[in-house]
Every structure is written in structure tokens, then in C-alpha cells.
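Top to bottom, those sequences are chains A and B. So in my numbering, spot 139 of the first sequence is number 256, and the numbers just go up one at a time. So in my numbering, spot 128 of the second sequence is number 245, and the numbers just go up one at a time.
Wrong hints could be hidden among the right ones.
No copy labels: a pair is met if it fits in one copy or bridges any two.
[Claimed, not checked] In the SDA-like style, the derived pairs of lysine to any residue whose C-alpha atoms are separated by at most 20 Å in a straight line are:
#1 308 with 270
#2 266 with 208
#3 166 with 208
#4 299 with 237
#5 173 with 147
#6 256 with 268
#7 225 with 307
#8 225 with 270
#9 173 with 208
#10 266 with 237
#11 250 with 238
These are computed hints drawn from the structure, not numbers from a lab. As the structure is a prediction and not an experimental result, all values here were calculated from the model.
There are 2 protein chains.
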Amino acid sequence: MSNNFVPVGLSNRHLHLSQEHIEILFGEGYELTKFKDLSQPGQYACNEKVDIVGPKGTLKGVRILGPARGKTQIEISLADGFVLGVKPPVRDSGDLAGSPGAKIVGPKGEVTIEEGVIAAARHIHMHTSDAEKFGVKDKDIVKVKVEGKRGMIFENVLVRVHPTYALEMHVDMDEGNAAGIKNGDMLEVLK
Amino acid sequence: MSNNFVPVGLSNRHLHLSQEHIEILFGEGYELTKFKDLSQPGQYACNEKVDIVGPKGTLKGVRILGPARGKTQIEISLADGFVLGVKPPVRDSGDLAGSPGAKIVGPKGEVTIEEGVIAAARHIHMHTSDAEKFGVKDKDIVKVKVEGKRGMIFENVLVRVHPTYALEMHVDMDEGNAAGIKNGDMLEVLK
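Same shape as in the complex, but just chain A:
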């Protein structure tokens, strides 16, 4: 039997904002405030939420994740894309070229980004020591098995290794529902 199990986390729609955009949306000099820590060290869910507006509809009250980033990035599911009327490409975080844009509406202002709306590609965060244990390295592609009535094997799962990461697989809500899994379920990485 394999001991290569990872806990899974389901990512609901969220966005990361540049400091410039934070100040447009919330006011000059504004700083995001922490709602709760996330599993990845240094990352946190913020109290602040904004509306995302697309050509066909609006996603209201979408949570911001902190801290501020170099570039604004909106991560939604394909189902959310139908609501907005945009087709987010499935991309790794930070790979935004050619992705659709959207309007972001905050309490003090709004900003329209020309690109930055993506569906996050499934991936596993690993601490360097986890990667050693699993026998994988940064940017490797692995498969992950889900048991149960909605059992499946996720292919093309990107491994991301960094000394600041905690072991966790991230999928979006479409993927979590399709596989019948919930936060904290343990999934097997196939070699």
C-alpha cells in the first residue's frame, strides 16, 4: 500500500489584488484585513469582498485573498464563467496572458482589468520535505486517485514545491463536486 496521500482543499471563487487596485477599490492607503489564515503559510482570506461583473452577469461578494500581489488575478470555476459570460482558460496561477478581463466593483471605486480571469489548474503544494518523501520535484505532473461513488483519477496534476508550502492539493468547486470530495479528504498520489 502506498503512503502517498495528500489532503485536498476545495477553492471557491476568489481573487488576488495588486496594491494599486486595492487602493482604487477601497481607498487610498487601504490595507487588506485578515479574516482567517489559509493552509499555505502567509496566505489569508480577507474580510474584504468585491463584486465581479462580466458581460452577462455578476458574482456578488467574492472574497479577496491576501496579501497583495504584483498583478490582480481572479480565480473562478467554469460554472461561474457561465454566470459572468466569460470563458476562463484553465491556467496555472500567474499565467494570465490572453485570459478574459472583468470589472471589479468595490465600496470606494471600480477597476476593469483587461486580463486575469482564469480557472485554476489543479495542483499540489508540497514542502520540500514532502517532495522528497513523495519522490517528485517542482513542476512534475502526477495523477491523483479519488475513491467512492464518484471515484476518478485526476490527471495532469501540477506539483509545486517550495520551502514555504504546506502539503495540500487544490481543486476548484466543479472538480470537488464532480469527485464528491470535501475539504480535508485524503487522496492518493499515483506514481
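Fit chain B to the given chain A structure using the hints.
Quick look at chain B alone, frame taken from chain A:
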């Protein structure tokens, strides 16, 4: 190379109604009217839509599929379940025991069912001749492979064989989005 490919169809939320419930919702003696034929012979999408009401929210304008059935059955995604505030079990069609209920609101009346809200388990309809070609029989469980960025292998796929069926795999919107597939995509059945 295998020739065992099936076209896929993504099932959006829908419901099947008993004749008794059709008459409560639309009026005495009412008969459903056809909007368009579905891929399965004799099955059709109706012009008629209803609202589905759960403890937390409402799904508005859910399409009815005809013809009338012996028992009313509401098929939604797990994401839809969050909107309604119910947890649909993943079930094969007709297997409704112990599933949650909901209120159905039509133009002439409303009806509350005690059970019947499910998330349809992924399955493949096959004509008898398809089953022969694929080397499977009714109620077999197979795996189905999806290629691409969101590639995966669906496990626990139920095969349903009948002389009136047309070859098609059915998944729900969560599963379709998770796999990055669209109606008519050809998927490989693994032996």
C-alpha cells in the same frame, strides 16, 4: 488503438414529473409540450419550466423533461444543492429512497415531494448493438478517459443497455466542467 469511443452529453438541472404532479402544477388534464427531442429516443425537453424551492434558496426556471414518469424525480448538481440547501445523494435514475425532498412551484399550483432530489450518477446509454461492439452488458461498470488540460479518468461509470437507447455518456455540469468537456466530445471507454 481502441475504437471504444462514446459521445458525451452534459445534463443541466432538470426534472421528471408524474402525471398527477403535472396536473397540480399546470392544471387538470394538462399535457407537457415538446421543446426539442433529446438524444435518447422518445425523450424530450419540454417548453414547461418550474421553480424548485429548498430550505435555503430557489432554482428558478428548471426545465421539465418528458414524457411523464411514474414518479417525480429532480436531478441537480451538488452545486445546485448548495443553492437549495439540500444534499442530493449521487444515485442512479429511479433510486430515490431516502433522498431529500423539495417544493416544486408551477403556474397553477405547487407540490412538495418528500423525496426525489438526486445528483445523477454518471452513466452510458447503449443500444444493444453498441454493447455487443463494446463487449459489455447492462449494469456493467466501466472507466472513461478524458484527454486534455483537465484530463481525468471517470471510474464507476454505469452501463445501461436497452434496444431503445442511443449511444451517449451522461455526466452533470459539475463533472463536465471539471473535465473541461462539452456536448458531443468523444471519450474513450477503457476496458
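Right, here's what the structure says about each hint:
Taking identical chains as interchangeable, the C-alpha atoms of residue 308 and residue 270 lie at most 20 Å apart whether they share a chain (12 Å) or sit on different chains (15 Å). Taking the shortest alpha-carbon separations for residue 266 and residue 208, only the inter-copy value of 9 Å comes in at or below 20 Å, while the best intra-copy value is 28 Å. Taking CA atoms no more than 20 Å apart as the test, residue 166 paired with residue 208 passes in neither setting, with 23 Å inside one copy and 36 Å between copies. When the C-alpha separation of residue 299 and residue 237 is checked against a cutoff of 20 Å, the pair qualifies both within a copy, at 18 Å, and between copies, at 19 Å.
For the homomeric pair residue 173 and residue 147, neither the shortest alpha-carbon distance inside one copy (30 Å) nor that between copies (35 Å) is at most 20 Å. Taking identical chains as interchangeable, the C-alpha atoms of residue 256 and residue 268 lie at most 20 Å apart only when they sit on different chains, with a minimum of 17 Å there against 25 Å within one chain. When the C-alpha separation of residue 225 and residue 307 is checked against a cutoff of 20 Å, the pair qualifies neither within a copy, at 48 Å, nor between copies, at 55 Å. When the C-alpha separation of residue 225 and residue 270 is checked against a cutoff of 20 Å, the pair qualifies neither within a copy, at 45 Å, nor between copies, at 46 Å.
Taking the shortest Cα distances, residue 173 and residue 208 never come within 20 Å of each other, neither inside one copy (22 Å) nor across copies (33 Å). For the homomeric pair residue 266 and residue 237, the shortest alpha-carbon distance between copies (11 Å) is at most 20 Å, but the shortest distance inside one copy (25 Å) is not. In the homo-oligomer, the alpha carbons of residue 250 and residue 238 never lie at most 20 Å apart, since the shortest distance is 23 Å inside one protomer and 36 Å across protomers.
Checked against the numbered hints above, the structure violates hints 3, 5, 7, 8, 9 and 11; every other hint is satisfied.
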